[in-house]
Amino acid sequence: MRKLVALGVGGVAVALGVFAYDVQVTDLHSPHDHAWATVAVGWSFVVAGLVAWLRRPSNRLWTLLLAAGFALLMRQFRYSFDAWLFTVFFVLGELPYGLVPHSVLAYPSGTVVDRYERALVKVGYACVLTLPLAILFFYDGTRPLLTYNPLDPRPHDSLLLLHGSADTVEVLQKAFVVFYYGFVATLFILLIARRFARATPRSRRILAPLLLAAVAIALRAVFECVLIFVHYRFARDYLFWWQITAFFALPLALLAGLLRAGFARARVSDLVVELEYAPPEEVGGALAKALDDPTLDVAFWLPDAGTYADAQGQPVGLPQDEARAVTLLQHDGEPLAAIVHDPSLLNEPKLVRAAGAAARLALENAQLQADMRAQLTQVQESRVRIVAAADEERKRIERDLHDGAQQRLAALALQLRTAQRRLDSREADPTVEALLECAVLELQAANEELRELVRGVYPTILTEEGLAAALESLALRNPFPIDLDVLEGRLPARVEATAYFVTCEGLANVTKHARATRASVSIARRNGLLAVEIADDGVGGAQPLENSGLSGLADRVEALGGTLRLDSPTGGGTRLSAEIPCES
Amino acid sequence: MTQISGFALTRVSRALRVRPVAKDARLCDICFMAVTVVIVDDHPSFRTSARTLLELEGFEVVGEAADGASALEVAAALEPELVLLDIALPDTTGFEVAERLARGPSKVILTSSRELRDLGRRVQASGALGFVPKDRLTGAVLAELLGSST
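As given, the protein sequences belong to chains B and E, one line each in that order. To convert, take the position in the first sequence, counting from 1, and add 207; that gives the working numbering. To convert, take the position in the second sequence, counting from 1, and add 2; that gives the working numbering.
The set of hints was computed from the structure by calculation and includes no laboratory data. Positions of the beta carbon are idealized from the N, C-alpha and C atoms, including for glycine. Keep in mind that a hint or two might mislead.
Covered stretches of chain E, going by a simulated chain B footprint (3 or more residues, C-beta under 8 Å) [what the hints assert, rightly or not]:
id : stretch
1  : 37 to 51
2  : 68 to 82
3  : 137 to 147
Given only the sequences and the hints, what does the whole structure look like? Please build it.
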């Protein structure tokens with residue numbers, strides 16, 4: 208039914224266009240191509256208005272486009288020598304140039320929202336309706352009207368004539384052009400520039416047709432001025448085609464912009480298929496594409512943490528400023544996700560919600576994964592904290608032993624030696640001397656064992672001088688030669704400690720099981736990883752990692768996000784290697 | 003704890019470039035001026051034990067200090083021939099104090115409850131004359147280190 212009505216309206220427009228063509232050719236003596244081009248501009252507005260009505264009836268822009276189209280077609284009737292047609296359509300002849308700016312400023316919502324823009328539209332209508340009316344009060348046909356063919360001497364007949372004055376008519380005509388196509392048109396272009404200046408990037412793409420409108424109006428203004436004041440035919444002909452082209456394209460651009468939301472809806476329906484097998488990281492990108500907003504981001508609600516997080520599970524805050532807008536999505540009354548987008552999408556809340564609904568399954572899946580990743584991150588952070596706490600505890604024990612037992616034993620050693628010296632100076636009992644000597648030796652042995660224990664707990668040299676010095680010290684105490692190739696310089700404490708303990712354990716295993724003659728330790732930084740390798744030329748055949756004493760170390764390495772590997776073919780030596788994340 | 007008399011003796015002994023000798027006539031046939039020592043350690047029990055032993059072995063302990071800042075002050079005031087300096091001090095490290103003292107007249111021997119190989123390269127870099135583990139400290143070891151420097 209609606210299509211039939213549209214066809215009927217289109218038929219009327221065709222008929223009016225043919226009549227407008229005839230009037231232009233017959234009464235204005237326009238060239239045929241000029242006449243058809245003028246009619247085509249009217250038709251383009253009518254077609255745009257009808258399509259907009261069929262596709263987006265809720266947006267009132269179609270009424271303005273349709274009205275502008277019919278006004279442009281009927282504007283040509285003012286050239287008729289019929290008194291009624293001339294009088295009525297001369298008064299209404301400038302109406303299209305009130306309707307066209309109105310359509311442009313009502314884009315894209317269908318209504319003019321800004322108060323300055325509304326004021327300009329009102330001024331425009333007042334101007335285009337009152338000045339032609341005033342002209343007809345004074346037009347008596349003694350001098351041709353300025354935009355009419357000067358070669359046709361036949362006068363038109365104004366039914367509104369009050370007092371004939373050719374001079375007043377000319378002044379009013381020129382005043383209209385100066386005021387409307389000079390002042391009002393400039394204000395119109397400035398308002399468009401203001402809209403662009405205030406728009407977000409996404410809004411600017413939507414507002415692109417307005418740029419064409421600004422060009423069209425500017426061309427039209429120059430054309431009118433040339434027509435009225437310059438009379439330079441060459442310039443007039445060129446300007447005619449430029450402004451006709453711009454005005455022909457304008458309604459089509461506005462229509463395309465209006466239907467863009469329709470295209471977006473089609474893209475949104477594609478989302479369901481597109482996201483069926485998509486990983487969570489791609490959900491945000493797909494929504495950004497569907498909603499034509501590259502800045503769009505998705506945050507997932509983590510029920511346990513009571514916060515929003517990105518796809519990796521990292522907590523994120525929702526923006527509070529006006530530069531970004533947030534649409535919250537829920538499922539069964541529970542928060543699901545937040546779409547952070549360009550504020551221009553707030554004009555299309557149904558579209559955003561439709562996109563959210565289309566992506567619901569993928570969003571739920573992504574939410575679960577984000578939640579899982581957040582928990583995993585928490586576990587990893589907890590493991591790192593446990594390792595750090597263990598290291599701190601080891602350091603505390605080392606300090607306590609150093610400040611307590613080791614100091615007491617050192618003092619005791621000196622006191623025993625003092626006792627020996629005092630006995631030396633007297634005639635001492637040999638048994639007491641022997642006992643003292645034995646006590647000194649026992650004490651030295653105890654001290655040695657305590658030092659070994661302290662080293663195993665946490666070597667101070669590692670804290671004070673770093674990994675290279677600590678491993679040099681370790682190599683000095685090793686019972687067989689070690690080739691050391693260790694990165695100089697300091698690394699994060701937990702990385703140094705992990706690399707050190709891996710090396711210690713590796714070398715201890717070499718000593719205990721490998722029957723090796725040589726071993727090598729290599730520590731280097733590669734691609735953000737610290738690569739630790741302990742190799743020997745022993746018998747190989749070591750137990751798998753999980754069954755050996757290295758499993759605790761593997762946990763420690765993995766807590767830092769690294770890996771520990773053991774390669775020990777029978778008879779082929781053993782290679783223990785660790786890779787520990789270590790950003791420089 | 004400083005001894006003003008030790009201050010004067012120190013100046014004489016440096017002029018004579020003496021070896022450390024025992025003051026006690028029963029330990030030593032020929033008595034020379036004793037080497038003056040300042041002991042720096044934050045553990046009073048160690049300072050006391052070391053003082054007793056070293057004095058028994060012919061050194062003259064002219065002062066003690068419990069931290070790095072005091073060590074520098076005492077050493078500047080008394081100018082001992084030797085500063086026996088613990089590495090682990092509450093306000094700084096013995097290495098840093100040794101580096102400062104190395105510019106002055108006193109020689110420095112570092113000591114610690116750890117072993118030399120547990121301390122890395124900083125012992126050598128500090129400008130100290132040598133190192134002795136605390137439980138191995140004797141006058142003879144110090145004399146040997148001092149003797150090797152002359």
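Inset, instruction - If any of the earlier hints don't hold here, list their numbers in rising order. - result: 2
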